[in-house]
Amino acid sequence: MPLSNEFIQTRLQEKFGDSVSAFEQPYGMLSFEAPHEMNLKVMQYLYDAEDLKFRFLTDLCAVHYPDQPGRELAVVYHLHNLTDNIRIRFRVHVSIEKPDVFTATNLFSAANWMERETYDFFGVNFIGHPNLKRILNVDEMDYFPMRKEFPLEDQVRLDKDDEMFGRGGSIN
Amino acid sequence: MRPVRFNIHAKQPDARTAVGVADAPPGYPGDGFFTAKLSDVVGLARKNSIWPLPFATSCCGIEFMATMGSHYDLARFGSERVGFSPRQCDLLMVMGTIAKKMAPVVKQVYLQMAEPRWVLSMGACACSGGIFDTYSVLQGIDQIIPVDIYVPGCPPRPEAVIDGIMRIQELVGMESIRRRNGDRYKELMESYGIQ
Amino acid sequence: MIMQEHQHHIKLPEGSIEKQTTTLNLGPTHPATHGVFQNILELDGERIVSAEQTVGYIHRAFEKLAERRPLYQITTLTDRMNYCSSPINNMGWHMTCEKLLQVKTPKRVDYLRIIIMELARISDHLICNSIVGVDSGAYTGFLYVMQYRELIYEIYEEICGSRLTTNIGRIGGFERNFTAVAFEKLEKFLREYPKVLKEFNNLFMRNRIFMERLQGTGGISAERALNYGFTGPNLRAAGVDYDVRVHTPYCSYEDFDFIVPVGNTGDNYDKFLVRDEEMWQSLSIIEQAYRKVQEFKGADADVYHADVPEYYLPDKKDVYTKMEALIWHFKIVMGETAIPVGQVYHSVEGANGELGFYLISDGGRTPYRLHFRRPCFIYYQAYDELTKGSMLSDAIITMSSLNLIAGEMDA
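Same order as they appear, the protein sequences are chains A, B and C.
Counting from 1, one number per residue, gives the positions in the first sequence under this note's numbering.
Counting from 1001, one number per residue, gives the positions in the second sequence under this note's numbering.
Counting from 2001, one number per residue, gives the positions in the third sequence under this note's numbering.
Treat the hints with caution; some may be incorrect.
Cross-link-like lysine-lysine pairs, in silico, DSSO-like; alpha carbons within 30 Å at most [unchecked claim]: (1) C/K2198 to C/K2292; (2) B/K1037 to B/K1186; (3) C/K2185 to C/K2292; (4) C/K2107 to B/K1011; (5) B/K1100 to C/K2064; (6) A/K148 to C/K2099; (7) B/K1100 to A/K148; (8) C/K2331 to C/K2316; (9) C/K2104 to C/K2316; (10) C/K2317 to C/K2297; (11) B/K1100 to A/K133; (12) C/K2292 to C/K2195; (13) A/K148 to C/K2317; (14) C/K2188 to C/K2107; (15) C/K2099 to A/K53; (16) C/K2297 to C/K2188; (17) C/K2388 to C/K2011; (18) C/K2198 to B/K1011; (19) C/K2064 to A/K133; (20) C/K2064 to A/K98; (21) A/K133 to A/K98; (22) C/K2292 to A/K148; (23) C/K2019 to B/K1011; (24) C/K2099 to C/K2388; (25) C/K2292 to A/K133; (26) C/K2185 to B/K1011; (27) B/K1107 to A/K133; (28) C/K2011 to A/K133.
Simulated from the structure, these hints should not be mistaken for lab results.
From a predicted model like this one, the values you see are computed outputs, not experimental measurements.
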């Protein structure tokens, strides 16, 4: 039977019941949510099940939602079933006070650096990661730049005239 | 739609206009000898044999590779040998974005170069940070090392790079041999924190 | 401050000549001109025991920058990711936006896009293969093919004005129709380039020294490659025929007839051959696309963008004379057009692999979150495994045949 989004949804709901939620299909890709302590179980199930076979991790990233208290950081996994050509996206939400998520490195070696990048930008703590250090930014950086509260520009510039950029201020 | 007007007919090469002859420096010729200022002669020798160090980080590096290629040959200006060892090179060409993580490396490479040394900053990112006004990009390499020539562009066309090299050649040719020991130069180096 | 904590000096087993390994820093500035990334190698004599990579030396915060720019301005950022083949990045981004905005491009636009993307792929593979040649000591091939990359740059210049960071195309199509001069240059390319590629092949492919340097080094099995998230020519060299153009055809690739070359062992020689064959296939795709484009006659031949005034800036002379065009121009630039809320993931077959764009839009002028799935970043993790036990000179060739582009890796 050809694999379809509805089939995957039914199988996931059979296995995990109500823990998996928020099923939707934006632009044709099935997306759902799972609680953060179950992310490995869901991925392992999707990997092992012979009729699901999601054995390729396409992407791992995070999103910061400052206006959803208790679920501010979302880690988004994109998985791909290469033989049947189906993609799936699932996300786990964690709160910003305790952003702990289990690492997927044991299942997919590709997740190693992708999780380091997510830690570097958002501060998501991946439990069990072999080498969770900053990867793209300087090591001494003490904040997580991609979070919405931090600005894009370098704050220590003295020569930029803020008025020209629409932010009020003047050349000193 | 505007029709293309330029560069659609191949130009025929003409020996009278294609080959230029350089002038001798001002001096006193004689029977078998030529006297000129030492700095002129040294400058003439130095400027036509600059060995660049291509410090290529990003897109400008690919335009540099195109400049070194046979279409926009840089080797005819004396830069046939591009070295990667700072000890052996005269011109540090910084090409591409320098992130804050990379800045100490640029400084170290500059410090390892032997005098006389010149710096050419190629591309908008090296000159001033370019389009990347972000927390992680150094807004211009002149924050850490003194720069002689800036070549703007994103990326600059190979013709622009060659123009930059020709201006470096002018600078090199006109440089006084006492410049590097003078007070103004020492002040410049102090302002960058270089001994 | 740059050197991280690192396993210094692994103790070697009893009976070895040395007592512990030597640490060699293949630092951010190295002559292999690929970009800035650092490898700290532990060497036992000439053999590599382990390698640790440091990236981020050209981190330019693209994802944060993208949150500040409206959709049509992000194209200039995507140029600078894989700068050897910027049109593929640009087209990929435009297709992501078109997927979000549900814009359907006409066939002629698709075929023109395919011509540009395949030219970019040829341009990228030419750099990669010739630099593998340079790193193994053969500079000549590089000079021969750079001549033809100049011709590709001239074609880009005819269409968009720029050589390297092209910013080519718009959401919905192109900014101007391809001129007759552009087609003339394309024909010149199609005539002359095959001979040059044949000569390049003659220089390298059955060259004994080159083959002995490249075969057997840097290999990876298909299962490990899939686990590491490899895509693109590196994965195909390992034996898996995954090509996004065939798997999820975008931009009318299904109308074209081409084969996807696959290797055996994933070693450096296989990667070289796979890229080389892909260049021949790209050439064939360009010829087919060019013939298809020439079949559009009359008014159809003037179509170079989709008819979406909400997202495609109107012609400047219309903006000055017609009211609707003026209003659309105002709305697009000031961000008053309706961008749907939603999340979309679209991927294209970049020269290095699956280049993906994950765009979350909240209806505003700028994206809420844009994440680039960069193939170089993902497969560089495997470098340690690829070079374990090989010699230092093989490690250099492995690095260059992986086609690591620092701009894409650090984004």
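Going through the hints against the structure:
1. C/K2198 to C/K2292: Holds. C/K2198 to C/K2292 sits at ~26 Å (cutoff 30 Å).
2. B/K1037 to B/K1186: OK: B/K1037 and B/K1186 at ~24 Å, within 30 Å.
3. C/K2185 to C/K2292: holds, 17 Å
4. C/K2107 to B/K1011: violated, 38 Å
5. B/K1100 to C/K2064: holds, 16 Å
6. A/K148 to C/K2099: holds, 26 Å
7. B/K1100 to A/K148: Cα-Cα ~22 Å, so holds.
8. C/K2331 to C/K2316: holds, 15 Å
9. C/K2104 to C/K2316: holds, 23 Å
10. C/K2317 to C/K2297: holds, 25 Å
11. B/K1100 to A/K133: Measuring from Cα to Cα gives roughly 18 Å; hence the hint holds.
12. C/K2292 to C/K2195: Holds. C/K2292 to C/K2195 sits at ~24 Å (cutoff 30 Å).
13. A/K148 to C/K2317: The hint is violated at about 40 Å.
14. C/K2188 to C/K2107: holds, 24 Å
15. C/K2099 to A/K53: Holds, at roughly 26 Å.
16. C/K2297 to C/K2188: holds, 22 Å
17. C/K2388 to C/K2011: holds, 16 Å
18. C/K2198 to B/K1011: This hinted pair holds, its Cα atoms lying about 29 Å apart.
19. C/K2064 to A/K133: Measuring from Cα to Cα gives roughly 20 Å; hence the hint holds.
20. C/K2064 to A/K98: holds, 23 Å
21. A/K133 to A/K98: Status holds; Cα separation ~18 Å.
22. C/K2292 to A/K148: Since the Cα atoms of C/K2292 and A/K148 sit roughly 47 Å apart, the hinted pair is violated (cutoff 30 Å).
23. C/K2019 to B/K1011: Outside the cut-off at roughly 67 Å; violated.
24. C/K2099 to C/K2388: violated, 42 Å
25. C/K2292 to A/K133: With Cα atoms ~51 Å apart, C/K2292 and A/K133 exceed 30 Å; violated.
26. C/K2185 to B/K1011: holds, 17 Å
27. B/K1107 to A/K133: holds, 25 Å
28. C/K2011 to A/K133: At roughly 25 Å apart (the allowed maximum being 30 Å), A/K133 and C/K2011 satisfy the hint.
Going through the hint list in order, the structure does not satisfy hints 4, 13, 22, 23, 24 and 25.
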